[in-house]
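Since chain A is already given, all that's left is putting chain B on it; use the hints.
Protein chains: 2
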Amino acid sequence: MKEVQSLPADWDSRLRSALRDNCPVTARMEPHLRAVLMDTTGHPGRLIRARLALVAGEVHGLGPAAAEQLACAVEYYHAASLLLDDLPCMDDAALRRGRPCAHRVHGEATAILAALALINRANALIGCAFAAQPAVVRLQVLAGVDGCLGPAGLVGGQAQDLRFAESARTAREIGAVAQGKTGALLWLSVCLPALASAPTAAEWRQLKALCVYWGLAYQVADDLADVTESTGESGKTSNRDGPLRRPNLALAVGVEAAQHRLGRLLRQAARALGRLEAHQERWRYLAEFQRTVFAAVAGKVGRRLPGLAA
Amino acid sequence: MKEVQSLPADWDSRLRSALRDNCPVTARMEPHLRAVLMDTTGHPGRLIRARLALVAGEVHGLGPAAAEQLACAVEYYHAASLLLDDLPCMDDAALRRGRPCAHRVHGEATAILAALALINRANALIGCAFAAQPAVVRLQVLAGVDGCLGPAGLVGGQAQDLRFAESARTAREIGAVAQGKTGALLWLSVCLPALASAPTAAEWRQLKALCVYWGLAYQVADDLADVTESTGESGKTSNRDGPLRRPNLALAVGVEAAQHRLGRLLRQAARALGRLEAHQERWRYLAEFQRTVFAAVAGKVGRRLPGLAA
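Chains as they are written, first to last, in the working numbering: chain A, 63 to 372; chain B, 63 to 372.
So that you can see chain A by itself, here it is in the shape it has in the complex:
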């Protein structure tokens, strides 16, 4: 088990160049499809999930190259989900990361095909990243990805999100959607690499709980941003959830209650992290991630939250 307790100093340049190198472009491809793929992989977001996957892959012994493959895969799944979420038949967004959405520039069909190309490449990268692991780990990885991205995860969360107006619209249902949409990709960054170092049943329970708390916290922060930030601040079309009747905790219970909920989730995450470290020091990178990365996320919602103190 390698001792990697913090992000490698060169994480940003390593990830950016890996995202370009692994981008599924070919010499003679259709130019609009190429443009969306180059643009999407060349202008990533904050790379929160990819950073986490990179350090986790190294901590759990996948090796630097495989950790980069895993990080790229997680980022490609995420980028694909954004290309699709922004479509007219989903959120009908105009802006993403401060730029016009791909479908507005290159058409809906090209945006869909680019998402498929990214998902396809991500699957190959995950297969390669775990190719040297024993069969039992590889089968756990296959089942994990299947669960995370399918109807029990990302696809299911998005389907519930779109039909939210037809549901009971309680805070509980908002949480279920958030778990599918946000928790699933965090699971890939946190739990998938951990499989390579055979976590105990107790550690596995805490890891899964951590993904639930982080996923919900992340979504509450996003809900708050949709309500309280302008499109210019967030770089994506804001104030969408209300008109589209999409689940948004800040709209459902109010901004202050949502901020309280965010603080509570991060304290619950901190307790899960404490229990993990009580098992083994190798989990310390996760606590560091909460302090350094999640603090910035929560900081955006304009309030110093308990549970985030360094």
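Hints should not be assumed to be uniformly reliable.
To be verified - Not everything, but these chain A residues come out facing chain B in the computed CB check (under 10 Å):
| # | residue |
| --- | --- |
| 1 | R166 |
| 2 | E170 |
| 3 | A171 |
| 4 | G189 |
| 5 | C190 |
| 6 | R200 |
| 7 | A214 |
| 8 | Q222 |
| 9 | L224 |
These aren't lab readings, by the way, just hints derived from the structure by calculation.
Think of the CB as a built atom: it goes at the ideal place given N, C-alpha and C, for glycine as much as any other residue.
What follows is chain B alone, placed relative to chain A:
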């Protein structure tokens, strides 16, 4: 190497029940998404690729369960591509397999999410089908699937198809689109299972050539059907290629010349099959497949074609 020279007698019921059993539905999923998934996997087409993958998987020693997983994966990729091709931003079709298209009944977003769920499950099934193979085979499988479904294969073919009006629109370009759209999925049925029994370089060349001939032949037959059959006969919206300015060889060179081309492709395929059998008898199932299955496909275009005699 098992001697399986013809389709198992129970292939139809085996495939239909495997398609239902592997369908990515969960207990508490969003009802529209569930409906599209159940409907798509419960009403498959002629299962040409799945039949081929099933017998190939058994011939090349994957075992019956893994051969079924592979066959389901190929069919799920195919079904996903149809769900997406039919969308308003692509072919804007109304009918598929004699029934209203999924997006017309359940909305575009649900059709897209169902396609993603099928692709996700197909990836897991292929991983499981080859999980017991040596690392070298598994890496070849990963690279093969990546190439087949990405910009060099299915996604790339579809992107060129949609922008065909902007291209030079020659018979050569029609062939390139057909290769991406149709040849790629045949490659998954023919070449992927063959990897498990270590084909020689000479055999591999013939297998790849066979996929090119079959892919082009299949697309020419489809082009002829679009031009010469009514929507009622084909079960999908016909006479679409002309108005949409999509590649169609029968429109480009005329029905008779396209029929000649189809005959020539099938004779080329027969020669590749002859060379394969000259290497080893284990390839005989492919020649039988051309005689029994491709004969029916070509028979649809209303002409007894040379190279198809039993």
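Each hint, compared with the structure:
1. R166: Violated, because the Cβ-Cβ distance from A/R166 to chain B comes to roughly 13 Å (cut-off 10 Å).
2. E170: With a minimum Cβ separation of about 4 Å from chain B (threshold 10 Å), the hint on A/E170 holds.
3. A171: Holds, because the Cβ-Cβ distance from A/A171 to chain B comes to roughly 4 Å (cut-off 10 Å).
4. G189: holds, 4 Å
5. C190: Interface hint status for A/C190: holds (6 Å vs cutoff 10 Å).
6. R200: holds, 6 Å
7. A214: holds, 5 Å
8. Q222: A/Q222 check passes; min Cβ-Cβ to chain B is 5 Å, inside 10 Å.
9. L224: holds, 5 Å
Comparing the model with each earlier hint shows a violation of hint 1 alone; every other hint is respected.
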